[in-house]
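Participant: Listed below are the residues making up each chain.
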Amino acid sequence: MDFVKSLSKQNPGRRSFLWKAGAAMSAVVASAVAGVSGAKQSTDTTLQDRIGRLEDANTIRRLHQAFESRLDRGMYEDVVGMFADDAEVVFNGGLFAGKEGIRRLYCDHFNSGLTGKKIEPAPGFRLEPEQQQDIVEVALDRKAATGQFPYSMQAGTPMTGDSSLVQMARLQGEGIVKWWEGGVYHASYVKVGAGWKIKRLEYRAASKADYKPGRMYAMPIDVPAFKSVFPKNPIGPDRLV
Amino acid sequence: MSKASFPKEQMHRIKYTKLTKEQIDRKLVPAAAGPECVSEFSDVLAGKRLKIVTDNGPVLNYTFNDKNKLSVSVDGGASVESGYGALTMEQDAFFSQYGTLTREQIVFFSHMTPKTQTGYNVFIDLESNLATVFEVWFSGYKDLREVQRQIYYGYVETAGNEAPIKRHHLTNRIEGKGFHWKQDTGIETLEFFPSIVSSSFVELTRFGGELTFCGPSDYIRINDHLFIYDRTECEFSGIMTLYVMDLLSATQAGMRLGFNEKDELEYYMFRGSGEIVGQLAIFEPFNDRGEKIPLNMPGMDQKGARPVYRPFGDHPPITESEIEEAVRKSTLIFPGGEAMAGNKMGLSHYLVGLELTVRYDNGPAWDYRFDNMKKLRWRKVGDTQWHEEVYEAFQPDRGVIFFAHMHSGMKPYECVKIVLDFSNGLTSCVHSQVGSKYMANEVSYRFIFGVIEMEGMTPPKYLRHAFTDELAGRALTWNYSDTLTSMHVYSTPHSYSWTIFMENGAMGMQWSSPSRYAKIRDGLYLFSWVEEACNGGQGTILINTKTMHDCGFGFSGGKDGLRLDTMGAFARNAGSYDVKRFFGPGY
Numbered sequence: 001m002d003f004v005k006s007l008s009k010q011n012p013g014r015r016s017f018l019w020k021a022g023a024a025m026s027a028v029v030a031s032a033v034a035g036v037s038g039a040k041q042s043t044d045t046t047l048q049d050r051i052g053r054l055e056d057a058n059t060i061r062r063l064h065q066a067f068e069s070r071l072d073r074g075m076y077e078d079v080v081g082m083f084a085d086d087a088e089v090v091f092n093g094g095l096f097a098g099k100e101g102i103r104r105l106y107c108d109h110f111n112s113g114l115t116g117k118k119i120e121p122a123p124g125f126r127l128e129p130e131q132q133q134d135i136v137e138v139a140l141d142r143k144a145a146t147g148q149f150p151y152s153m154q155a156g157t158p159m160t161g162d163s164s165l166v167q168m169a170r171l172q173g174e175g176i177v178k179w180w181e182g183g184v185y186h187a188s189y190v191k192v193g194a195g196w197k198i199k200r201l202e203y204r205a206a207s208k209a210d211y212k213p214g215r216m217y218a219m220p221i222d223v224p225a226f227k228s229v230f231p232k233n234p235i236g237p238d239r240l241v
Numbered sequence: 242m243s244k245a246s247f248p249k250e251q252m253h254r255i256k257y258t259k260l261t262k263e264q265i266d267r268k269l270v271p272a273a274a275g276p277e278c279v280s281e282f283s284d285v286l287a288g289k290r291l292k293i294v295t296d297n298g299p300v301l302n303y304t305f306n307d308k309n310k311l312s313v314s315v316d317g318g319a320s321v322e323s324g325y326g327a328l329t330m331e332q333d334a335f336f337s338q339y340g341t342l343t344r345e346q347i348v349f350f351s352h353m354t355p356k357t358q359t360g361y362n363v364f365i366d367l368e369s370n371l372a373t374v375f376e377v378w379f380s381g382y383k384d385l386r387e388v389q390r391q392i393y394y395g396y397v398e399t400a401g402n403e404a405p406i407k408r409h410h411l412t413n414r415i416e417g418k419g420f421h422w423k424q425d426t427g428i429e430t431l432e433f434f435p436s437i438v439s440s441s442f443v444e445l446t447r448f449g450g451e452l453t454f455c456g457p458s459d460y461i462r463i464n465d466h467l468f469i470y471d472r473t474e475c476e477f478s479g480i481m482t483l484y485v486m487d488l489l490s491a492t493q494a495g496m497r498l499g500f501n502e503k504d505e506l507e508y509y510m511f512r513g514s515g516e517i518v519g520q521l522a523i524f525e526p527f528n529d530r531g532e533k534i535p536l537n538m539p540g541m542d543q544k545g546a547r548p549v550y551r552p553f554g555d556h557p558p559i560t561e562s563e564i565e566e567a568v569r570k571s572t573l574i575f576p577g578g579e580a581m582a583g584n585k586m587g588l589s590h591y592l593v594g595l596e597l598t599v600r601y602d603n604g605p606a607w608d609y610r611f612d613n614m615k616k617l618r619w620r621k622v623g624d625t626q627w628h629e630e631v632y633e634a635f636q637p638d639r640g641v642i643f644f645a646h647m648h649s650g651m652k653p654y655e656c657v658k659i660v661l662d663f664s665n666g667l668t669s670c671v672h673s674q675v676g677s678k679y680m681a682n683e684v685s686y687r688f689i690f691g692v693i694e695m696e697g698m699t700p701p702k703y704l705r706h707a708f709t710d711e712l713a714g715r716a717l718t719w720n721y722s723d724t725l726t727s728m729h730v731y732s733t734p735h736s737y738s739w740t741i742f743m744e745n746g747a748m749g750m751q752w753s754s755p756s757r758y759a760k761i762r763d764g765l766y767l768f769s770w771v772e773e774a775c776n777g778g779q780g781t782i783l784i785n786t787k788t789m790h791d792c793g794f795g796f797s798g799g800k801d802g803l804r805l806d807t808m809g810a811f812a813r814n815a816g817s818y819d820v821k822r823f824f825g826p827g828y
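Chain order of the listed sequences is F and D. Residue 218 in the numbering used here sits at position 218 of the first sequence, with consecutive numbering throughout. Throughout, the numbering used here is defined as the position within the second sequence, counted from one, plus 241.
With the rest of the complex left out, here is chain F (with noise of 0.2 angstroms):
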């Protein structure tokens, strides 16, 4: 049996998840799809017009990549600078809410678990083909936009327990708990001044597997979500969504 088949059917309620790097193809689908919608079309009058809201959809999709390229080089805190004043993050079933709640899932969850780091797809997980488009919509007023697009990361959290191999672990910069995740960004930005900063951003992850580079299999995981909030949790969010 397919092994990604076994695997969906052991876990029936698991969107699977598919790969394609294909970087190229993702933005000619993005562009032929920006601010294309039928009821908009209808006001979108003007080739100016259209023209501009493709140079800010191809804009979203740079800063898009520069996120992911901060995220995988750690640069947690340029992250935080690219999100507006009052932004949220929603991951794992926490809200990270303004620029405070915004750095510390970056600047400490993250950090601490080495998470986002741009890592390939788990063997035998894959994405839908409509999940792995990267989306730009643009709205008419050119002061908005939302965006979809697919990630494939690793993310970690540090362990926990109070055993002095846990604490010995974490002291040598270990004691991580590491996982692949693959999902889609949901994404809204705002422009500000003259560029374009993110407004929310969403993890909506489709598949967790204990896969770390180099193996040759993964099996689903279940990773808890939140549980608690900020501040009886440091680097948890401000509410549990």
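Derived by calculation from the structure, the hints in this document are not laboratory data. Just to be clear, a hint being listed does not mean it is correct.
Below are the DSSO-like pairs computed for lysine-lysine, each with C-alpha atoms no more than 30 angstroms apart in a straight line [stated by the list, open to error]:
hint, chain 1, residue 1, chain 2, residue 2
1, F, Lys178, D, Lys533
2, F, Lys227, D, Lys616
3, D, Lys533, F, Lys117
Given the coordinates of chain F, work out where chain D should sit on it, guided by the hints.
Facilitator: Relative to chain F, chain D alone:
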């Protein structure tokens, strides 16, 4: 009269004085005259001048007046005179009809700088002209007595010759080795290297050889058989031991610097000889020679930085009332999700429905009724009232069940971990309570052995499970989950060390604790330890060397409340040290 020297307190119980800088200044005055040595110092440097150039470190210009006096200029500064000592290591000793021919390869000399708390220890490789310099100093950490060190690699500058490109360097080529050493002082030690940043040692002479201790260490390769090693007894006396060793002749030449438990200065050089007692497996990729240490720790680029586990500071003692307050807030009995239980065995239903009595020699006797897989009732034999408890049970071997539960409502907080050996009608119990005479948040315990009484079983009159040294010297890795693996070295019959794997398979942080071992049957051992003067928690596991899987329980009471939980890990054989002969009354 015992020939063994057992201290009143072992190293982890000694309250070492927090020496002040001024006290250290005064105590170091004799060090200016150079180290002492039982063996004769070498005069190989007498009358010579050496310029030692190091990478990213000092340039040392030495003039050796004789075999005890030198003057040194550091980085072109004013010359300072001090005493020194030098020892050599021979590369080879060739015995023939013409006599013994030896060729010196390593010169090791040591000196302190008068009126400072700093000194230099220099290893010169006469064959390659390479030099490795250990700068050492006191008052560099909040516990001022702890010797600090910075290692510089370099060479001896010789006129007309270009600087060599190669250097001595860090290595994992000696990782896993174990030694028995006997110094010219008569001091005997066992020293184990199951890490690339730490080592463990057993003081056979100074502390009676009961326990294993650990200290941060460096391992430097000179060539395939000559290595430099050091350790500092951080969290204890802070003394540093530094030596060069030859694997071929099993000899060493070294230096010891620091203040002992009586706050006396120990600054001496030594020769020693011994044997390699074993070699453990190492787990790095085959192309990894350990020249870089994959530590992801902040501040490691600072002078003197080294990875040190500091349990004493991390786990300060707390009072009984603080524990009670913590227990009121949090009492967790088999909460699940423990980091050390990722590979635990499945629970056993073997006991469900059974009624039995466990009766321990010179100890308690308890009646049991096991209502289901999670609930039991117990009472002291003779009592009428039953106590209900949550329990968990594993079956690690045929006819053997290992279960644990709290004795709820007891003060001090108490639990039992019980082995039921139905094949032989025997039982062993690790009876534990929170609190010891040293710390309120440290578990104390006893092993008790006895028999099972139940319908259809006649237990033996004399046969019992018993303490054992069968595991002494063995090393097993324990994989608790994908992200947590350690290696146990059962280095003495009453202690062990554990070392945490780094991401590349190298061994990293290490610590040790007293422990006890009992044999249940061939291949099945009951092992318990308390992390004394540390977090005070207890681990008790049944090690099955047939299935290489353990099962067991953790028990602790402290700032985080009261906790009884399970653990389980898969083992791999990592080798063994031939050390049993160094322990026991006969040694």
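Participant: Hint by hint, note whether the structure agrees.
Facilitator: These are the hints, each one checked on the structure:
1. F:Lys178 - D:Lys533: holds (24 angstroms)
2. F:Lys227 - D:Lys616: Holds. Lys227 (chain F) to Lys616 (chain D) sits at ~28 angstroms (cutoff 30 angstroms).
3. D:Lys533 - F:Lys117: holds (23 angstroms)
Comparing the model with each earlier hint shows no violations; every hint is respected.
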